[in-house]
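Order-wise, the sequence lines are chains U and Z.
Residue numbers for the first sequence follow the working numbering, so the first one is 140 and each next one is one higher.
Residue numbers for the second sequence follow the working numbering, so the first one is 174 and each next one is one higher.
It is worth saying that the hints were derived from the structure and are not from the lab.
Hints may contain errors.
[What the hints assert, rightly or not] With the Cβ distance kept under 10 Å, some of the chain U side facing chain Z (calculated, not the full set):
| id | residue |
| --- | --- |
| 1 | Val144 |
| 2 | Ala145 |
| 3 | Ala147 |
| 4 | Ile155 |
| 5 | Leu233 |
| 6 | Val243 |
| 7 | Val261 |
| 8 | Glu314 |
| 9 | Ile326 |
| 10 | Leu327 |
| 11 | Val344 |
| 12 | Leu351 |
| 13 | Tyr373 |
Positions of the beta carbon are idealized from the N, C-alpha and C atoms, including for glycine.
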Amino acid sequence: MLLLVAPALVWLVGLIVLPHLELALISLRARVAPRVYELSLSQYRTFFDEPLYWHTFVRTAAMSILATICTLLIAFPAAWYIAKIAHGRAKSILFVLCLIPFWVSETVRTLGWMILLRESGVLPHVLVALGITAAPVEMLYHDTTILVGLVYTSLLFMVVPLISAFDSLDNSLIEAAYDLGGDDWSILRQIIVPHAAPGIAAGAVIVFMLTLGNYLTPTLLGGKNSLWFTEQIYTQFITRFNWEQGAAFGFLLLVLSTVIVWLGLKLTGQRFGDVMRRS
Amino acid sequence: MIPSLPRSRWSRYATASYVVAFFVFLFVPLVVVAIFAFNDANYPAPPWRGFTLDWFLGRGGRIGLFGDGPLLKSIGTSVIVATWVTLLSVAVGTANAFLLERGRFRWKSGLSLLMLTPLVIPGVILGISILAFASRIAQLADDVWGLELDFLRPGLPLVVAGQFSYIVSIATLTIAARLKRFDVALEEAALNLGASRAAVLRTVTLPYLRPALVGAAAISFLMSFENFNTTLMLVGSNPPLTIRMYGQMREGASPVLNAVSLLLMVASALIALALLRRPAHDAADRQA
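Can you build the whole structure from these sequences, using the hints too?
So this is what it looks like as structure tokens:
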């Protein structure tokens with residue numbers, strides 16, 4: 140028994156609990172002289188005093204929510220098709236096709252988008268060839284580009300829980316609703332969405348968390364104007380070596396992520412453990 | 174809506190074209206990466222200038238993947254890190270699974286919830302917290318005992334620790350899910366027949382868990398290989414592949430990156446196929 144508890148404790152205490160306590164302590168101290176520190180909230184005050192910091196924070200949260208909604212809207216019909224309309228071999232092939240891109244590293248997928256969208260890239264080239272634009276346009280480094288990249292990276296985590304939610308919906312319920320005169324919209328609203336709510340919540344929570352914590356996609360597709368909060372953390376911690384400020388930013392991000400995930404679960408009446416096990 | 178209900182022809186076409194567009198969206202970036210690994214130009218961009226294998230085999234003027242020492246070294250680094258993370262995650266994940274499924278103690282549900290938390294902490298924060306904590310211990314060791322603990326400074330041991338800290342959660346979930354379905358009567362029968370505890374574990378329980386162990390190992394390896402966020406914060410002077418690719422992508426593009434990417438795609442496709450074929454065997458085992 141002790142033999143089984145030991146690794147779990149070393150892992151959870153040594154790599155999760157203590158490091159986060161250390162991070163909290165660092166975020167709450169200010170350096171008054173070399174290697175002399177005192178308790179202070181100045182890091183958190185800087186965050187609110189400096190518009191760049193909290194603008195970036197709010198922007199990251201808003202874009203993550205937007206990306207989550209877009210991911211849901213794009214994944215929903217595709218997951219429905221795979222779960223309900225395709226059948227037999229086609230169904231399992233389509234399902235595997237959905238998974239394959241996500242076995243490949245995010246770096247590779249982002250490289251693909253950069254080759255597609257940069258000024259000398261494939262899509263601007265095609266647009267010129269079709270006569271839609273006179274000269275190649277730069278399609279990287281816009282907010283929309285970041286959004287496309289984030290949605291692309293997140294799709295799998297939405298499609299899979301949606302498919303399993305739809306799979307468990309009995310077709311006869313839909314047929315009954317249709318016989319009783321329900322149209323597509325009312326069936327969607329009164330039968331499909333309530334049934335799939337746990338799957339939707341699971342997908343949305345995971346997509347939101349991954350998007351909020353993403354670093355690679357916003358910095359590569361957004362370039363210098365990406366203004367993503369994880370980038371601020373990196374800058375403070377690694378580039379400027381201002382650990383106090385970086386730790387405070389880290390904690391703010393952690394709080395934001397926890398609050399929104401908690402709200403999302405609360406609103407849809409889900410439990411955290413169930414959602415994590417489902418995905 | 175569903176095939177058993179009447180659908181207008183228009184709605185059938187609309188659905189079909191949506192699904193086609195969806196899969197085009199999924200695959201276009203990957204296809205583009207693969208194609209430009211073979212373009213005979215110094216920059217991965219159109220127009221097409223003819224087929225070449227320079228970006229794989231080139232030496233001298235154009236340095237291809239297999240002639241690019243630092244790039245190959247970073248692949249090696251990734252493999253070493255991923256191997257360690259896999260071994261640790263599967264070992265600790267198995268212990269955790271037994272703890273959660275067999276153990277009876279207070280705070281078990283609290284512990285099982287705590288085991289899930291690393292999955293909701295953003296990777297960047299896992300990275301900086303472990304970095305800060307490790308440096309505190311290193312500082313302490315230096316002040317108190319005058320020890321210079323290099324492995325606590327940014328570098329591969331910390332990268333392994335950082336990736337392990339959340340990948341082990343996934344390994345635990347995978348293995349615990351299979352252990353939950355295990356029929357304890359099988360172990361009892363073996364014990365009744367005179368087998369020792371170790372023999373039961375070796376000949377009954379572990380063989381049953383094998384598919385989950387293999388699955389957890391494959392997932393751990395892939396997730397470690399592809400990890401970026403946590404690694405970025407903990408990396409020292411010896412970058413794994415993802416970090417090195419990121420650095421090169423920021424500076425500019427070279428088709429060598431496409432060549433590496435294609436290699437990664439083929440490798441992950443092979444692992445994915447191997448994993449997807451397995452459930453069939455698994456079902457056959459259960460019927461036999």
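Hint check:
1. Val144: This hint holds: valine 144 of chain U lies near chain Z, its Cβ roughly 6 Å from the closest one there, short of 10 Å.
2. Ala145: 8 Å, holds
3. Ala147: 5 Å, holds
4. Ile155: 6 Å, holds
5. Leu233: Holds, because the Cβ-Cβ distance from leucine 233 of chain U to chain Z comes to roughly 8 Å (cut-off 10 Å).
6. Val243: 5 Å, holds
7. Val261: Constraint on valine 261 of chain U satisfied, holds at 6 Å.
8. Glu314: Where the cut-off is 10 Å and the nearest Cβ of chain Z is about 6 Å from glutamate 314 of chain U, the hint holds.
9. Ile326: Holds: closest Cβ of chain Z sits about 7 Å from isoleucine 326 of chain U, inside 10 Å.
10. Leu327: Holds. Min distance 8 Å.
11. Val344: 8 Å, holds
12. Leu351: With a minimum Cβ separation of about 6 Å from chain Z (threshold 10 Å), the hint on leucine 351 of chain U holds.
13. Tyr373: 7 Å, holds
In summary, the structure agrees with every hint in the numbered list given earlier.
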